[in-house]
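4 protein chains.
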Amino acid sequence: MTVIGEGDDVLLYLDGKRTYLVRVEEGGQFHTHKGYVELGELIGRPYGSSLVSSLGVRFTALRPLVRDRILKTDRRTQVLYPKDIGYLLIQLGVGSGSRVVEAGTGSGALTMALADAVRPDGMVYSYEINPVFQRVAAGNIERSGLGEYVELREGDVTQGIDVADVDAVVLDLAVPWLVVPHAYEALAGGGVFASFSPTIEQVMKTTAALDGLPFVEVGTIELMLRNITVAENKTRPQTRMLGHSGYITSARKIL
Amino acid sequence: MTVIGEGDDVLLYLDGKRTYLVRVEEGGQFHTHKGYVELGELIGRPYGSSLVSSLGVRFTALRPLVRDRILKTDRRTQVLYPKDIGYLLIQLGVGSGSRVVEAGTGSGALTMALADAVRPDGMVYSYEINPVFQRVAAGNIERSGLGEYVELREGDVTQGIDVADVDAVVLDLAVPWLVVPHAYEALAGGGVFASFSPTIEQVMKTTAALDGLPFVEVGTIELMLRNITVAENKTRPQTRMLGHSGYITSARKIL
Amino acid sequence: MTVIGEGDDVLLYLDGKRTYLVRVEEGGQFHTHKGYVELGELIGRPYGSSLVSSLGVRFTALRPLVRDRILKTDRRTQVLYPKDIGYLLIQLGVGSGSRVVEAGTGSGALTMALADAVRPDGMVYSYEINPVFQRVAAGNIERSGLGEYVELREGDVTQGIDVADVDAVVLDLAVPWLVVPHAYEALAGGGVFASFSPTIEQVMKTTAALDGLPFVEVGTIELMLRNITVAENKTRPQTRMLGHSGYITSARKIL
Amino acid sequence: MTVIGEGDDVLLYLDGKRTYLVRVEEGGQFHTHKGYVELGELIGRPYGSSLVSSLGVRFTALRPLVRDRILKTDRRTQVLYPKDIGYLLIQLGVGSGSRVVEAGTGSGALTMALADAVRPDGMVYSYEINPVFQRVAAGNIERSGLGEYVELREGDVTQGIDVADVDAVVLDLAVPWLVVPHAYEALAGGGVFASFSPTIEQVMKTTAALDGLPFVEVGTIELMLRNITVAENKTRPQTRMLGHSGYITSARKIL
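Going down the list, the protein sequences come from chains A, B, C and D. Numbering-wise, this note's numbering puts 245 at position 245 of the first sequence, and it's gapless, one number per residue. Numbering-wise, this note's numbering puts 1139 at position 139 of the second sequence, and it's gapless, one number per residue. Numbering-wise, this note's numbering puts 2172 at position 172 of the third sequence, and it's gapless, one number per residue. Numbering-wise, this note's numbering puts 3093 at position 93 of the fourth sequence, and it's gapless, one number per residue.
Worth double-checking, as some hints may not be accurate.
Covered by chain C, according to a simulated footprint, are these stretches of chain D (three or more residues, beta-carbon under 8 Å) [what the hints assert, rightly or not]:
| hint | segment |
| --- | --- |
| 1 | 3020 to 3030 |
| 2 | 3140 to 3154 |
| 3 | 3196 to 3206 |
Cross-link-like lysine-lysine pairs, in silico, PhoX-like; alpha carbons within 20 Å at most [as the list claims (entries may be wrong)]:
| hint | chain 1 | residue 1 | chain 2 | residue 2 |
| --- | --- | --- | --- | --- |
| 4 | D | K3072 | D | K3017 |
| 5 | A | K34 | A | K17 |
| 6 | C | K2017 | C | K2205 |
| 7 | A | K205 | B | K1234 |
| 8 | C | K2234 | D | K3205 |
| 9 | C | K2234 | B | K1234 |
| 10 | D | K3234 | B | K1205 |
| 11 | A | K234 | C | K2234 |
| 12 | C | K2205 | B | K1205 |
| 13 | B | K1017 | B | K1072 |
| 14 | B | K1034 | B | K1017 |
| 15 | A | K17 | A | K234 |
| 16 | A | K205 | D | K3234 |
| 17 | A | K234 | D | K3234 |
| 18 | A | K72 | A | K17 |
| 19 | C | K2072 | C | K2017 |
| 20 | D | K3205 | B | K1234 |
| 21 | B | K1205 | A | K234 |
| 22 | A | K205 | C | K2234 |
| 23 | C | K2017 | C | K2034 |
| 24 | C | K2205 | D | K3234 |
| 25 | D | K3034 | D | K3017 |
It should be emphasised that the hints constitute simulated quantities derived from the structure, not laboratory data. We put the CB at the ideal spot given by N, CA and C, even for glycine.
Could you put together the complete structure from these sequences and hints?
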């Protein structure tokens, strides 16, 4: 049984709408409008344990999953949702040992999911042109403990990709079609390309670029997720829904 | 660079609608209505290489991904699609080293995806009550090369689960609500439960069972995937669409 | 060419997000944060004409359509959207001369759409149990000019419906299944029943009630509407979407 | 109470998947693989009455609604579904007395819905360039009894529209953007334009054309309809779904 240790992150659960990603340290306190909790009390206890705040409110310490870290990243530089990331992972076919190129890094949300998938034997080469974003991503990735499976590179992938023979290339940037030729070069035979784009014009241009090179299974999908309220005599899809995050275009390189 | 070896599976790609999962052996032939190909010619060549059939038609050898194997399993015992499996993987938070309980095994589609996610240090304990399904699944899993990360068990999980302290339990069976108390027992603190069910009545009963035990973040979603045709002046969502595969209900155990 | 007259309603259009339903009267002014306009200036001019406000901002006078009036009704007592109302109209098969029962009236949104469809020779019998709602609806309907095609009745349709031989019965209330036997009585042979319900439990109970009586073509659907942003290099479904308003269950009476 | 008369159409209902639109005539028989029925027996009986076939199978005579006629038209020249037509009716704001331009007529499905909406005082001017389609549509419309509310015109609306001051213009043709300037001319102030198009390229060009003229509330939507199976312990959205019929773009003319 894994227990919570000094320096570990926990996801403090208050209720269905409020969770907090905090680092457990001896003597550390976490303050909310529901009172404060003594984080040190969690040391040596299993995940799933609870604390009672100074105002008598219960907080439960969950083990932070990659999806929690994804949802805690900055939404301004990040529109990928767990639904999209889960689909990308299965579509790219990445697993332990895979070598993957990602661009751009953004806030590092997809980077962490890729790193978690390729560990302990693979590597994610993640490119970002904006040094501010890269710094934020570096912090998120380091904190997640996945840093050793990621090489962050500052650079413009529309000019080229300086790794080769990779299993997958995944793009989340404004002009993916300009990167398609470099992705073809970087991929091993049979390697998988994927790109996430909010607009249909991006999809059109990227598809045209893929169609002009030896790629097969060129296709585009979109995923719509609905939350369902399940409660006696109140069961129904929820009123509010994310109508669109982005399209996912993918293809496989042939020689 | 990985090359194709004797005894490896390849996904032979003919066109966007036709692919074949075949084993490469010296002297082996694969016959289709487009002529036959000599599979032995692929040995030593990289993935993405092509063969020309006896009728002059080109076939390309792709590396089989888990999603390819999923789509090749028998749809009669399997309604999970890659979209659902990708979401389950990210929702369950499974990664290298995770210990996961699955029931039922069915044709082994989800089992392979889980095994691929937990390798090389984790284990999938997969239960199936029907020995015929189990035999089919065993064949699919063995062929995928993921057998060492899976323990297939014949048994009825409504009567109990005989592993403990696991990171995740995932159900794809007719009566998930009967398994919820056993899932609670099997999970480590903070462990994740997920269940895939086609009908809303199953979701209602499973949610009621979860609500009656110390679980948090109890929620249900559905995923809708649309394929988009992208071609000049023909860009549009496709006419036919899978309207529903199933709902995914998930929760996290607290102590 | 129809011109705007004294006492007519116009929909004053400011921009894509702001419109105002106002009555044109000689000497009347309409004040907004963009200045005020002199409504009397519209008299004798065609729909589509513009006014300039005291702050130099342009407002255009559109002819109010039923859908405008629907969207201006109070959303607290009304969750039917134009998408649902359009579908109900075609599903019910109502047209000029139809006699229709509606319950409950709510804010009168569906009532107005039905009245517009049955005029000049039909009649909508609309029942409402809550006198406060009925008063609001009466005001909305009167203002729309459709009052002569509507009979508002205060009453509890779970106890019975006191009209007969009607072409259609449409329900938007909490317990539609209790009204199904009375709807059967009120309908002419071949008449159409429809019910709008947010929850699946309502749908289940209503369907069971319909299945227990001589109804055919008993079916349930849901409609999802997505707004698409269309602008150069920005074309995409919008981020926010109404995930669910309600299910529509319908059936046809046989003898 | 309306009874079935000599020469009336009825919709013969066999089961949830099979209905037949037939004309009732004294001495007429309708033959199916379930035996034949004597249609003359229906004369003088109310809608909702049943016949028993020569093989003992029950058929029920329903009153044909516009939606039945729509679904019986030839799908090859017609992709508009009742969901789209219901939305168009409410979006266009057509009602008794409206004057509407439609192009192209196609098989007449939308024409019949429009005619039913504008009767008894309005008129639908429906243009079609293909004389074969027009002949089919003329037959469908005549049979529906709505012929007096429709003027079928053979012509190419990309060259102009020869009616003026209409309340609405609705397009279902390949190049709607070429018709937008003529639609502007034909519409009265405040009149409504709508266009149904399967592809996003059509939507982009049509929107650009609308944006270049004095139109407001230019918008595009798509409607997705899901059928729900409702039966004890089997309640769920159906597996198969229409993924896309077309986008609906609409706007209102200002002066």
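List of violated hint numbers, smallest to largest = Those not satisfied are hints 1, 2, 6, 11 and 16.
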